[in-house]
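Colleague: Since chain A is already given, all that's left is putting chain B on it; use the hints.
Chains as they are written, first to last, in our numbering: chain A, 71 to 289; chain B, 23 to 105.
Simulated from the structure, these hints should not be mistaken for laboratory data. Treat the hints with care, since some could be wrong.
What the hints assert, rightly or not - Label-pair ranges, simulated between beta-carbon atoms:
| id | chain 1 | residue 1 | chain 2 | residue 2 | range |
| --- | --- | --- | --- | --- | --- |
| 1 | B | 79 | A | 238 | 45 to 55 angstroms |
| 2 | B | 69 | A | 148 | 23 to 33 angstroms |
| 3 | B | 97 | A | 181 | 51 to 61 angstroms |
From the three backbone atoms N, C-alpha and C, an ideal C-beta is built for every residue, glycine too.
One letter stands for each residue in the lines below.
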Amino acid sequence: MSQLAVLRVDEGVAGEKASLADSELVAGLARRESWAFTAAYARYRVPIYSFLVRLSGRRELADDLFQETFLQLARHAPRLRPDTELGAWLYTVARNRYRSHRRTSLLRRLRLQLAALGGGDSQLAAPPTPLTPFEHAAHGDLGRRLEQALAQLGEAQREVLLLVGVEGLAQEHAATILGLTPAALRQRLSRARAELQDRLDKDAAADPKSASTAPGKTR
Amino acid sequence: MERDPLLEELRQLPALPPPRELTDEVAHAALAVLASAQAAPPPIPKWRAHLEFALYRAALPTALASATAIYLSWAVSAASHLY
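Only chain A is shown next, with the shape it has when bound in the complex (with noise of 0.2 angstroms):
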């Protein structure tokens, strides 16, 4: 049978079993079946891809990312333990990826700039854009300047805010994935969302057409 076909299968045994818990999903893919790998990848593809664009800011880095976050998955199955947390794991291995990438091509860039000494190259501090325009205006006016706001903040403060706000994980998980205590975990999502706020602040005041749909002040 090819591949192709045995995707079918599996997807029609995964569609079957979408309801079973990430506990029988682990025991599953430690054992090597493939329903157990498609109804894993069609759970968590969304979230985990949703959360690599909004951490990485690139399209093209989230795909590469997101490949070898699956990949790692299907090499890494035999070896789960039964209890592994999937969704944690995933995004625990996803987010290890990007730091790695983003050390790797500091490092490059850092090599560049040293090269191009006195050269002047500005497109090296380039930021990311996140989103095409496209999907800002197909976000609206909120959540165009929520997402403007999330790219603008700092990495330790955006990861906080996509795991327990945009992905709406539990502090204790997002706690593990993050490698912090759920007091630090607390105290770093409170500064993130104060600062979210400010920019968003910053932003309703340079721009007062966009200050009725600003989200609640509450802090």
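Modeller: Below, chain B alone, put in the same frame as chain A:
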């Protein structure tokens, strides 16, 4: 727990699905990797882990240290007999 309106707004941001082509490509590649992934090695029994620990962390180093000490003392005494 008190609901945070800003976090609620963030939660409303739309999901960004991967392109269909990428979705299929990753699924195919990952299923191929899964099929060839090595099964986990069988777990080592506890008694064997303890035995290996005792052998490699205690018995073997002690034997090596004793052999070295015996050889050195013999070498020193042999050398002192020469003069």
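Colleague: A separate judgement is required for each hint: does it hold in the structure or not?
Modeller: Against the structure, the hints:
{"no.": "1", "hint": "B:79 x A:238: 45 to 55 angstroms", "in the structure": "47 angstroms, holds"}
{"no.": "2", "hint": "B:69 x A:148: 23 to 33 angstroms", "in the structure": "25 angstroms, holds"}
{"no.": "3", "hint": "B:97 x A:181: 51 to 61 angstroms", "in the structure": "55 angstroms, holds"}
Against the hints set out earlier in the document, no violation occurs for any number.
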